[in-house]
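Q: Protein chains in written order, with this note's numbering: chain A, 1 to 278; chain B, 1 to 577.
There could be a bad hint or two in this list.
Examples of chain A residues toward chain B, derived with CB under 10 angstroms [said to hold, decoys possible]:
#  : residue
1  : A43
2  : G45
3  : V74
4  : G87
5  : S92
6  : G117
7  : R127
8  : V128
9  : K199
10 : P204
So the derived label-pair ranges between C-beta atoms look like this [as the list claims (entries may be wrong)]:
#  : chain 1 : residue 1 : chain 2 : residue 2 : range
11 : A       : L71       : B       : P539      : 25 to 33 angstroms
12 : B       : V252      : A       : V128      : 29 to 37 angstroms
13 : A       : L67       : B       : P539      : 32 to 40 angstroms
14 : B       : L129      : A       : V259      : 54 to 62 angstroms
15 : A       : R81       : B       : G63       : 56 to 64 angstroms
16 : A       : V128      : B       : W195      : 53 to 61 angstroms
17 : A       : R276      : B       : A57       : 33 to 41 angstroms
To be clear, the hints were calculated from the coordinates, so they are not data collected in a lab. Backbone N, C-alpha and C fix where the C-beta goes; we use that ideal spot for every residue, glycine too.
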Amino acid sequence: MAESPALSPASANDVAPPDAQAPLAVPPARGAWSLSPPENASATGDRIDALLARSHGFDLALAAVMLGWLLLAVVRFRGARKVAPDGGTRRSRAWVLGLALGVFGVVDGTLFLGSEGYLRDVLWNFRVPTEDPRTVRIEINAHQWSWEARYAGADGAFGTKDDVVTWNDLRVPAGVPVWVQLVSTDVVHGFSLPAFRVKLDAIPGRVNQTWFQAAREGAWEAACYQHCGTSHYRMRGVLTALSPEAYAAWLHEASLKAVQGYDADDTAAHWGWVWRTP
Amino acid sequence: MKAGAFLKSLWTTDPQRVARQYLWGGFLFLLVGGLLAMLIRFQWAWPGQPVPGLAWALPESKGALTPPAYTAVFTMHGLLMIFFAVTPLLFGALGHFVLPLAIGAKQMAFPRLSPFGFWAYAVGGALMLVSFVVRLGPASAGWTSYPPLATPAFTPGLGQTLVTVAVLCVGVSAFLYGLNFVVTVVRCRAPGMTWGRMPLVVWGLFYGAVLNVLFVPVLAAATGLLLLDRVAGTQFFIAGAAAVGGGGDPVVYQHLFWLFGHPEVYILILPAWGMVGDFVAFFSRKPAHGYRLTAGAMGAVTALSGAVYAHHLFTSGMAPVLGRTFMVLTLLISLPAEVMFLNWLMTLWRGSVRLTSPMLAALATMVVFGLGGITGLALGAVATDVPLHGTMWVVGHFHLTMGAASFLAVFAGLYFWFPRMYGRALDERLAKVHVLLSAVLFIAVFGGQLVAGYAGQLRRLYDPYQYTFLAHLLTLNRWTSWAAFALGTVQLVFVVNLVRTLGWGRAAEPNPWRVGTLEWTDAGPGAVVLRGPHALSQPEVQEQLGRDWIGQAEPLSSSKPVVEQVAPPVPGVEGAV
Numbered sequence: 001m002a003e004s005p006a007l008s009p010a011s012a013n014d015v016a017p018p019d020a021q022a023p024l025a026v027p028p029a030r031g032a033w034s035l036s037p038p039e040n041a042s043a044t045g046d047r048i049d050a051l052l053a054r055s056h057g058f059d060l061a062l063a064a065v066m067l068g069w070l071l072l073a074v075v076r077f078r079g080a081r082k083v084a085p086d087g088g089t090r091r092s093r094a095w096v097l098g099l100a101l102g103v104f105g106v107v108d109g110t111l112f113l114g115s116e117g118y119l120r121d122v123l124w125n126f127r128v129p130t131e132d133p134r135t136v137r138i139e140i141n142a143h144q145w146s147w148e149a150r151y152a153g154a155d156g157a158f159g160t161k162d163d164v165v166t167w168n169d170l171r172v173p174a175g176v177p178v179w180v181q182l183v184s185t186d187v188v189h190g191f192s193l194p195a196f197r198v199k200l201d202a203i204p205g206r207v208n209q210t211w212f213q214a215a216r217e218g219a220w221e222a223a224c225y226q227h228c229g230t231s232h233y234r235m236r237g238v239l240t241a242l243s244p245e246a247y248a249a250w251l252h253e254a255s256l257k258a259v260q261g262y263d264a265d266d267t268a269a270h271w272g273w274v275w276r277t278p
Numbered sequence: 001m002k003a004g005a006f007l008k009s010l011w012t013t014d015p016q017r018v019a020r021q022y023l024w025g026g027f028l029f030l031l032v033g034g035l036l037a038m039l040i041r042f043q044w045a046w047p048g049q050p051v052p053g054l055a056w057a058l059p060e061s062k063g064a065l066t067p068p069a070y071t072a073v074f075t076m077h078g079l080l081m082i083f084f085a086v087t088p089l090l091f092g093a094l095g096h097f098v099l100p101l102a103i104g105a106k107q108m109a110f111p112r113l114s115p116f117g118f119w120a121y122a123v124g125g126a127l128m129l130v131s132f133v134v135r136l137g138p139a140s141a142g143w144t145s146y147p148p149l150a151t152p153a154f155t156p157g158l159g160q161t162l163v164t165v166a167v168l169c170v171g172v173s174a175f176l177y178g179l180n181f182v183v184t185v186v187r188c189r190a191p192g193m194t195w196g197r198m199p200l201v202v203w204g205l206f207y208g209a210v211l212n213v214l215f216v217p218v219l220a221a222a223t224g225l226l227l228l229d230r231v232a233g234t235q236f237f238i239a240g241a242a243a244v245g246g247g248g249d250p251v252v253y254q255h256l257f258w259l260f261g262h263p264e265v266y267i268l269i270l271p272a273w274g275m276v277g278d279f280v281a282f283f284s285r286k287p288a289h290g291y292r293l294t295a296g297a298m299g300a301v302t303a304l305s306g307a308v309y310a311h312h313l314f315t316s317g318m319a320p321v322l323g324r325t326f327m328v329l330t331l332l333i334s335l336p337a338e339v340m341f342l343n344w345l346m347t348l349w350r351g352s353v354r355l356t357s358p359m360l361a362a363l364a365t366m367v368v369f370g371l372g373g374i375t376g377l378a379l380g381a382v383a384t385d386v387p388l389h390g391t392m393w394v395v396g397h398f399h400l401t402m403g404a405a406s407f408l409a410v411f412a413g414l415y416f417w418f419p420r421m422y423g424r425a426l427d428e429r430l431a432k433v434h435v436l437l438s439a440v441l442f443i444a445v446f447g448g449q450l451v452a453g454y455a456g457q458l459r460r461l462y463d464p465y466q467y468t469f470l471a472h473l474l475t476l477n478r479w480t481s482w483a484a485f486a487l488g489t490v491q492l493v494f495v496v497n498l499v500r501t502l503g504w505g506r507a508a509e510p511n512p513w514r515v516g517t518l519e520w521t522d523a524g525p526g527a528v529v530l531r532g533p534h535a536l537s538q539p540e541v542q543e544q545l546g547r548d549w550i551g552q553a554e555p556l557s558s559s560k561p562v563v564e565q566v567a568p569p570v571p572g573v574e575g576a577v
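Okay, chain A solo, but in the shape it has when bound (with noise of 0.2 angstroms):
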């Protein structure tokens, strides 16, 4: 099985394979001080970074609290002479459960409320690439180390004699609903694409799904965040980002291609799975 990135199909395109070795044109470096997640290429991304924003916002006033009272305490009552010799009035410790109750409602409430719509609508809402007639989907099939992707090719169906596989190299239409169904082969990988908010784990013996969106053209890094062996840190893919048009221009070519250099005898390059609607 060529498992080189220089001997995929989509290597005699048009447009120029991205070298998964290579480092990539990212934009300027952000904050490395500050506390900035990495650049959103999403078109739902920027909901999950706002949550996350709101709930370091949350962090910060906490520890700025808690840093201040016990300070203050310190500092005020250091070898003070009075003491109360008891351990709080009722009114007391009504405070400590009401400001408890107060500020798990707040926080946790937050967090729970945020995190729920953006499950609902976006994380576990299948209906979107379900119902979009533009969905592209690919089948992805982790390996010690690399990123094995499959396209269903014109015939629109995996496993057959058209179907586009590429190695690290993983091409999506901006604008249009990517759905991703997951394999490993060998051990437990972590698919993760940061500029796109998605990371799901890849494990041998059951297939999982995920989606995301592009939000414009462009190329990022999908990284492997479950230790999977020496070479772990080597597990490195780029997603590019295609306009619709130069997608299905790539996804044509590389169809032919794949049928002129089909071989039957090739029984491992033969995987792929019939995607059930659910």
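Dock chain B against the given chain A, drawing on the hints supplied.
A: Showing chain B alone in chain A's frame:
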């Protein structure tokens, strides 16, 4: 001492001597684990560069960490720190020392289980050390040892097998002291030592011991089945193309592992919480605010601890109904933690604060635990967990809670009980310098990890800068590493203090901290406990005895008994007896 007598002294049923054995064992592994941490930090600051002084260990690369060496280093760092350093120091050393004394028990409930547990731990520790130098390499599947990576097909080294056995050994040890502690607290308390008069540290150790008894067997199940997969050709956790014909499932291991692994966080932190609660009261010269609420909150955390574990699996493709359930449960556990934390702050407020070294360490524990807890909130909700999962944010978060907080609590306890343990007083100034610098540097190191993680840096990468979107984090990581090296160096202050004290230290006063708990005011056999652990600054006591504390079993010759401030029972909170 003659060899025979020495060997005989190694098997001791005296819990205080077992405690000292665990103390030295824990320190040994803390040292090894800490040095491994320095290697990880070096690698992230200067990827692939030769580590000064390491050429003897890695001659082929002239001392530079190679990817296989690096995976072994972080695997062993995690395993050693959790199983062989922090847990044994908290339970094995401080627990065995203080638990029987503080409840007025004459002995542990099962005295011979204590040395048996210690030797199971020691055998496990020896296997861990041996695993560095065996055929086909040391363990390298991460401390979680997820299969199929941890099976021989992908990690063939004998080291991985030895480490699996070592974890089973330490599991036996943890189960035995857990069982011993639970039964000792339930059955062997001195007369009058009611549940409502136990020091909070006893509550913490008790709850932690309950978790040991409940969940260490789950770890043993996971590890045992993994061991069978490794040596007996079974396929419990092997599925897909990696399995020849098996119907195993790697996710089952993840569930078993985290059903132990998450309560383990509380096993580590509950004794720490107990110490903070006690020390804040002792050194504010004031009863713990809301004692029953605090003990109840610790009980609530204990009860919930096994029900939140699957937030470690939010990205494993779990069913939405499970994901939502565990999100709610995980967020819920922050409520009792807040109650407890506010009680500590209220105890400080209007107290008479004495910044002794145990108090400084307890306050430092509060701060690092607070920061760690706060940074965990975003990991409890599914949507915010997804971008942070598997990044250095998680690493920073759990190092603050179970690394820094339990480390500082170990030192709070050690500085507090050392005079009682060894009859000598550690130098207060050195102890304070050690605690303060450690706390500040902990926050610097793990704060740096939090920032790197928020910027997207994944954990366990040999060379994070392979990814373009992480390349700009090199400077940050280098500064974090410098802070880590400083943190490592600061530990020398403790070593100097320890050596000086054990060699030339002055004899300690019998009750240097002027507190009333039984380990300091042992009234001898048959003593009856009369009051709670924090009877400080009671007016009657000050009037009659001229001091602001009174022993828990010390009678006050007055017609007016010391009034214990009784809080109303909290409905629905377990443990508020």
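Q: Can you tell me whether the CB distance of V252(B) to V128(A) sits inside 29 to 37 angstroms?
A: holds, 31 angstroms
Q: Indicate whether the distance between the beta carbons of R81(A) and G63(B) respects the range 56 to 64 angstroms.
A: About 59 angstroms separates the Cβ atoms of R81(A) and G63(B), which means 56 to 64 angstroms holds.
Q: Do the numbers back the hint for S92(A), that is, is its least Cβ distance to chain B under 10 angstroms?
A: Since chain B brings a Cβ to about 6 angstroms from S92(A), closer than 10 angstroms, the hint holds.
Q: Is the shortest C-beta separation between A43(A) and chain B less than 10 angstroms?
A: Violated, because the Cβ-Cβ distance from A43(A) to chain B comes to roughly 15 angstroms (cut-off 10 angstroms).
Q: Does the interface hint hold: is P204(A) within less than 10 angstroms of chain B, judged Cβ to Cβ?
A: At about 3 angstroms, which falls below the 10 angstroms cut-off, the nearest Cβ of chain B leaves the hint on P204(A) intact, so it holds.
Q: Min Cβ distance, V128(A) to chain B: is it shorter than 10 angstroms?
A: Since chain B brings no Cβ nearer than about 15 angstroms to V128(A), farther than 10 angstroms, the hint is violated.
Q: Does 32 to 40 angstroms hold as the CB distance between L67(A) and P539(B), or does it fail?
A: holds, 33 angstroms
Q: Under the criterion of a CB-CB separation shorter than 10 angstroms, is G117(A) in contact with chain B as hinted?
A: holds, 8 angstroms
Q: With respect to the beta-carbon atoms only, verify the hint that L71(A) and P539(B) lie 25 to 33 angstroms apart.
A: Taking Cβ atoms as reference, L71(A) and P539(B) lie about 29 angstroms apart, which means the hint holds.
Q: Would the hint on R127(A) stand, with a C-beta cut-off of 10 angstroms toward chain B?
A: violated, 13 angstroms
Q: Can the suggested window of 33 to 41 angstroms be confirmed for the beta-carbon pair R276(A) and A57(B)?
A: At 53 angstroms between Cβs, range violated.
Q: At a threshold of 10 angstroms, is the proposed contact between G87(A) and chain B supported by beta-carbon distances?
A: Holds - the Cβ of G87(A) comes within 10 angstroms of chain B, reaching about 4 angstroms at its closest.
The structure does not agree with the numbered hints 1, 7, 8, 17 stated previously, though it agrees with the rest.
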